[in-house]
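2 protein chains.
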Amino acid sequence: MGDSIKTYVFDVYGTLFDVHSVKELCEELYPEKGESISFTWREKQLEYSFLRQIMGKYTTFLEITKDALRYAVKKQDRTLTSENEEKLIEAYLHLTPYPEVRDVLERLKAGNKLAVFSNGSHDMLDPLIERAGLAELFDHIISIDEAKQYKPSPAAYNLVLENLNVRREEVLFMSSNGWDISGAKSFGFQTAWINRGNQPTEELNLKPDHIFTNLSGV
Amino acid sequence: MGDSIKTYVFDVYGTLFDVHSVKELCEELYPEKGESISFTWREKQLEYSFLRQIMGKYTTFLEITKDALRYAVKKQDRTLTSENEEKLIEAYLHLTPYPEVRDVLERLKAGNKLAVFSNGSHDMLDPLIERAGLAELFDHIISIDEAKQYKPSPAAYNLVLENLNVRREEVLFMSSNGWDISGAKSFGFQTAWINRGNQPTEELNLKPDHIFTNLSGV
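One line per chain: the protein sequences are A and B, in this order.
So in the numbering used here, spot 131 of the first sequence is number 112, and the numbers just go up one at a time.
So in the numbering used here, spot 2 of the second sequence is number -17, and the numbers just go up one at a time.
If we strip away everything but chain A, and leave its shape as in the complex, we get (with noise of 0.2 angstroms):
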């Protein structure tokens, strides 16, 4: 990366956390529902935070993570009892960080600011990073909770300038998610799209500056 780069901020779900690690869960409460459960749970929890910005309603994303499980499970007309919904709530505090992920922020550590910037409220943000053993690696842990904005929205990547005392355009931002990059781009950020799932570029008109199929090409 360039040498204007002082600042690199990570997305957290689906960039250095599998998201899709809680589906051997589904699976195994519901079974041969568990890839469509995880799959939709996913989908839902983005949509509802697109829409509570967009409709003004703000909620917790932890309190979203609940709601799409609850229309996930409904979707395959299935039933989730409290008992299920606490266990899947908590093995979403528990997701895999990605197999990079480690030696990644060791490598960067060394000179640089690190941070985590995420729609994920601190309620379920903290502990995830903790538990995989993360926290000490960065400097910050910022939410979107701290403004009530999700992402894409500007007032939501403003956090970071407010959080690390940086200008935008020394931020490397790095997200897997399509949507988050062209947001940060928007914004200003650099960005270093991590696509992992071999996606097409979105056509936002907003191109990434970087595209890596993984965070170790940073």
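Accuracy of the hints is not assured; some may be wrong.
Partner residues are not named here, just some residues of chain B that face chain A (Cβ under 7 angstroms, in silico) [said to hold, decoys possible]:
hint, residue
1, Glu44
2, Asp48
3, Tyr79
4, Trp160
Okay, derived cross-link-like pairs now, EDC-like style, lysine to aspartate or glutamate, Cα gap no bigger than 16 angstroms in a straight line [said to hold, decoys possible]:
hint, chain 1, residue 1, chain 2, residue 2
5, B, Lys47, A, Glu184
6, B, Lys188, A, Asp48
7, A, Lys56, B, Glu184
The hints are simulated quantities; they were obtained by calculation from the structure and are not laboratory data.
Predicted, not measured: the structure shown is a model, and the values here were computed from it.
From the three backbone atoms N, C-alpha and C, an ideal C-beta is built for every residue, glycine too.
Since the structure of chain A is provided, determine the placement of chain B on it from the hints.
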């Protein structure tokens, strides 16, 4: 419907017209990929309207529809020639209305004001309704392009009040899109969800006032 309803307002895409009536042409132009392209086209069309609303990067729904088509074709590793783009966008101006639409409109027209209210810009909305022979049944054709704010933002739904000079509780808003019903309910309209796809209710704490499987129930 109750006596308090004076104005019947219809969403367009998916509610009056079947957006997947372009599937056959997709299949003809991209054999074996028609259904996938049609599905992703619609999915991305909605997602891009949400994302642009949140990023504050407005462009018309016609442009978004072209962008979404480009993504959908790319996702299937196919190429969208300008000839194919022209054909498919032209097909979007000739979507098929659902079979009950004309009867329902003719019945409701007696004594009530009827309007359409859509994310679609007038350059796609007006020819669509005209060519289906439905234009004379509506008192108003309202596009969010007049405010450049996509649904489900309150500023979009407010266009209905401005155009029709009614109070929000006098409006019955009908849509097949669960997210659109949530937005309309949040704004204060009475709502009827036309649940054509037998989907679960959205988990946004905004239940529809009525649910029907097609418009005949209204």
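Now the hints, each set against the structure:
no., hint, result
1, Glu44, "10 angstroms, violated"
2, Asp48, "4 angstroms, holds"
3, Tyr79, "23 angstroms, violated"
4, Trp160, "5 angstroms, holds"
5, B:Lys47 with A:Glu184, "9 angstroms, holds"
6, B:Lys188 with A:Asp48, "14 angstroms, holds"
7, A:Lys56 with B:Glu184, "11 angstroms, holds"
The earlier numbered hints that this structure contradicts are 1 and 3.
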